[in-house]
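Engineer: Since chain A is already given, all that's left is putting chain W with the ligands on it; use the hints.
Chains as they are written, first to last, in our numbering: chain A, 1 to 804; chain W, 805 to 1071.
No false leads were mixed into what you were given.
Pulled a few chain W residues facing chain A out of the computed Cβ check, cut under 8 Å:
| hint | residue |
| --- | --- |
| 1 | A899 |
| 2 | E900 |
| 3 | R902 |
| 4 | R904 |
| 5 | F908 |
| 6 | L916 |
| 7 | A927 |
| 8 | E930 |
| 9 | I931 |
Straight-line Cα separation of at most 25 Å, SDA-like style, residue types lysine to any residue; simulated pairs:
| hint | chain 1 | residue 1 | chain 2 | residue 2 |
| --- | --- | --- | --- | --- |
| 10 | W | K896 | A | F412 |
| 11 | W | K896 | A | L790 |
| 12 | W | K896 | A | W788 |
| 13 | A | K17 | A | A254 |
Derived by calculation from the structure, the hints in this document are not laboratory data.
For every residue, glycine included, the Cβ atom is placed at its ideal position computed from N, Cα and C.
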Amino acid sequence: MSARTFVRRWSWRQVRKEWRQYIVILAMLTIAVAAAVTAMLTVYNLTGGSSEWGNGGAEVTTEDEEALIRVLESSDTAYGVIHEVEVDRAGVVGSVQVRATEPNNPITDPLATLTDGRWPAGDDEIAITDGVFFDQLKIGESVELGGRSVEIVGEVENTLQLSEEFVFALDPAVFEVQSDSGRRFLVAEFNEELLSLSNIGVSTNDGPSDRTVFTIMVNVVIAFAMLEVALLVGAGFAVIARRRTRQYGLLAAAGAPPSMVKSAAATTGAIIGVVGTVTGFVLGIAIVSMLLPAMETTVDQRISLAIPPLALLPTLLLGVLVPTLAARRPAKALNRLSIAALLSSTRPRPDPVGRLAVLGVVLAGLGAVMFVVGFNNEDGLFAVVGVLLGPIGLLLLAPLLVKGMGRLAARFPLSERLAGRSMARYNRRSASMVAALGLALAIPMGLAVVTTSIDQRAKARPPSLADDQLIVWGEDVVPSDFVLAEVDPIAIAAAGETLSASVPELDLTPIQVVVPNPDDSFNEEGRTMQFPILGGELYNGSNECNFCSINTIGNDKEEWLAEIAWVATPEMLDALGLSDQWDDKTASALVRGPGHAAIKDGERFQVFDNVQVATEWPRATAIPEVLISPSFAGEEQPTTIGWLAISDGPLSDATIDKVRRSDLSGVKLALPGPPASRWTLRALGLAIGSLVGLGITGSVVVLLANELARDSALLASLGASPRTGRRMMAGIAGQLALIGGLIAVAIGYLPLAPMMSEPVDQFPFVVPWGSLLVVLVIFPLAAAAMGWLLSRRAARGLSLRYFV
Amino acid sequence: MSTALSQRTEYSQAAGHLISLVGVRRTYGEVPREVVALDHVDFQVAPGEMVAIMGPSGSGKSTLLTIAGGLESPTQGSVHFAGKQLEQLSAKDLAEVRRRHIGFVFQGFNLLDGLTAAENVAAPLEIDGVGIGAARDEANRLLTSVGLGDRGDAFPDDLSGGERQRVAIARGLVGERRLLLADEPTGALDSQTGQGVLDLLRSACVGGRGVVVVTHDPNVAAWAHRVVTLRDGRVESSYRPNPTDQFGAAYSSGSVGAAEHNGGVVR
Ligand SMILES: Nc1ncnc2c1ncn2[C@@H]1O[C@H](COP(=O)(O)OP(=O)(O)OP(=O)(O)O)[C@@H](O)[C@H]1O
Ligand SMILES: [Mg+2]
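Chain A extracted, bound-state conformation (with noise of 0.2 Å):
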């Protein structure tokens, strides 16, 4: 027998007796791989196209409609046209729009995919999304519809769209149509050849690219992130190796040439490389396919789950190459040693936490402060570093913190101090374990504090409408492109009329407005204007500003241009409670809150101090956070834009039914959204980070059994309970996951710092209560009830071994 092959066979059974300890790496391993693919999958997925593009990299506008699908057709450029109208329904409140595309081009598909029954295949038949007949109609079923009746033969989506609501059918033209919004036409690309017609508009869509710069990114994330596990795999690899020592010493005096150890240590780290990564890369996989639904309708888009083989490629090798050489390491670093000092295998000294913690809140901070500034700055790499920085950092604290609690341990019970002091012992691999588990919980926890802060943002800004408010709005009035001109007074006034007799139990109040002429907006200084700024976007609950007072904020010239002014007429006022809180007289706008902010070249400050009522509002509403007083509107007429209809208690679906079957044209109906909150996301998080921690939690209770069972059994032979053993491993594993949590929980507030710091929209400093009460009281229990379970009851006759 070769001495190579001595060798192999050595340390093939140096694994078959250390396999718990391997498992634990390969875990660690396995999880790292798994987030690095998640992320990459995930971020790859999501930055597919655009709702209004398709598959199209620019739009062509032109006069000549004929001439240019002349040049297409000749090109071999793939191109698709879209025609879009708005149609009235018969007996309800408002259009519908109506879409036309060739059905399967390849450029428009994804803006009307058939998701069941078929295309239409004449002017009779129609395909709609799910949601545009306010789920009364399914397939099968006929419908009154632009001054036709039209069957549903399909079901459409747009995928780039989820919530988009519209009607497809052949030929637009069909319909008695209200609005007309004209053919678009997309190219997959723009072409040269497009430049022979005449009078030609293109505008290009770079949102293709972005997919290059995300992977990048993505891939510098994961690289930093492999790192990380390079620390801890490495660790692991040390841990065995210093149980070992004595082994290599045996081996190095049995005449082993010291490279054969090494490379036999490397070949075992790279198998341990390619199964860890193998398995992670099937798990990235199956949790970003579980993920798949809810981020489907986060994002509002169907993704496609494309697996990108080049930008997975880095993290694939890394996965391989980084237990490689943290294998390598250890073999490397005790050939250095006389073979002497490797057989005494002496107690090594205790590693230097306190310099490690030093360093880790040094990089901490760092970190902090570039994910701060590479943020407000909108500088991607310094924020990227400063990410990566953060959590390096603190996962340095882990060792102090171990040594902590062994500290701490002196003022426990038995059972709980041995696991204290035992982990403290053994800090290096403590602090991998806890490195792991606080990994684990890490990214579920910063979801929950980013997602709390937004939420706790969406209350503080509450929903453009209350539960009990809808509003009627004259056509076009939103969204923000609203002109005057063509808001139709009669059409307006008929539909209040026809709304209060159909749904008396709504109380309805005219909205009003005024627009200022621009000319009368500034001072002398050229910066003041006459109107207050009508600050504040209003916030539905998934965030997007569904009724903003229009043009709140300044652009980057200083001025400020207010198109357009609510009114806060007697009725408006009494209608939302705050009569008594405005005295005409003094005051030219009210507010809401204690004091309204608008942003002016980044900075905060108070608008019209002299001017404006600050004031308590009672409730959401869909009218903006300023109002103006009649008085001051000047000598612009007040015009009435809708209605703002309030009933006794929520909106019952009885009630909203009504109204939509009222017989109202040409107006717009708006409705309080359905309260969105991100608790399921963050459930989801928490508990799939908990179970990954479980996992992680059960390979180190099998790790540690073997070692623990020394103790136990001395401890029986005092007199303990066969249970003492059990609570140690209990202890031990709820502590590891206390200090994971807590480590979890300083990196999971991170993200929160940028957001907190930023001057628009800044987010509140929130605490989660529910995901705090998982990761740090109930995942430790869970832990704790894990090392409970899986350590075995200690035999009644106790083992000779422990103890001759």
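Structural biologist: Positioned in the frame of chain A, the structure of chain W with the ligands alone reads:
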């Protein structure tokens, strides 16, 4: 045989033995490869008696000690301790016997690395529900008695081999235990340190405590009341090196019970 056995049991209990093993057999493994570690062993310790167990390696000394201490159960035969038959006790009650009445000192791995010297000594008390403060005070008192009063806060890693054994002895004595079992406590020590440890054990006999020491020390005769030698799992001989001491007198008169009335103290 069973009548004879029960009679002997009666006798040994009546005689006030601290512990008595009757007809103990212990085997390891299944039949073809069965190892008989102990066979037909009768063994008693009287209060205040110091017994040395000797014998070649593998003769069953450690096995005898662990069975006597309730760490291992006999395959056959019975163990009586203070009127109770150990094999019949539940795991919980057995643990209580070990905790309250029997102390152990092993050759090597004796102390919990995660506990300081004082905590190691206090451990049985803490397990028994004594408050940490009181347990530590008691531990410190005992550590002082073994000459380690100032080393209470040291962890085992920082103690020498002899110091560790002394800590183990202190722990074996804590809580007024009636029986101290030591398995080659001096095996890893130089002769001078070993002598100090033996002196400690000998002084532990005062107050009626029984002490059993497994040893290879040829100078046993100088300090033991009785020497029991084992060979191949059987008692080879049992003799009193000093016929003139209290136990020797009782031995020669043929009644251990008498010795108890003469000098042994029963609590
Ligand atoms: N757990 C066990 N499994 C199998 N055999 C055992 C076990 N414990 C002890 N033995 C066997 O029982 C016999 C007696 O062992 P024991 O340890 O009592 O000997 P000893 O007299 O203490 O020896 P030494 O002086 O070497 O310590 C030996 O043959 C040993 O191999
Ligand atoms: Mg032995």
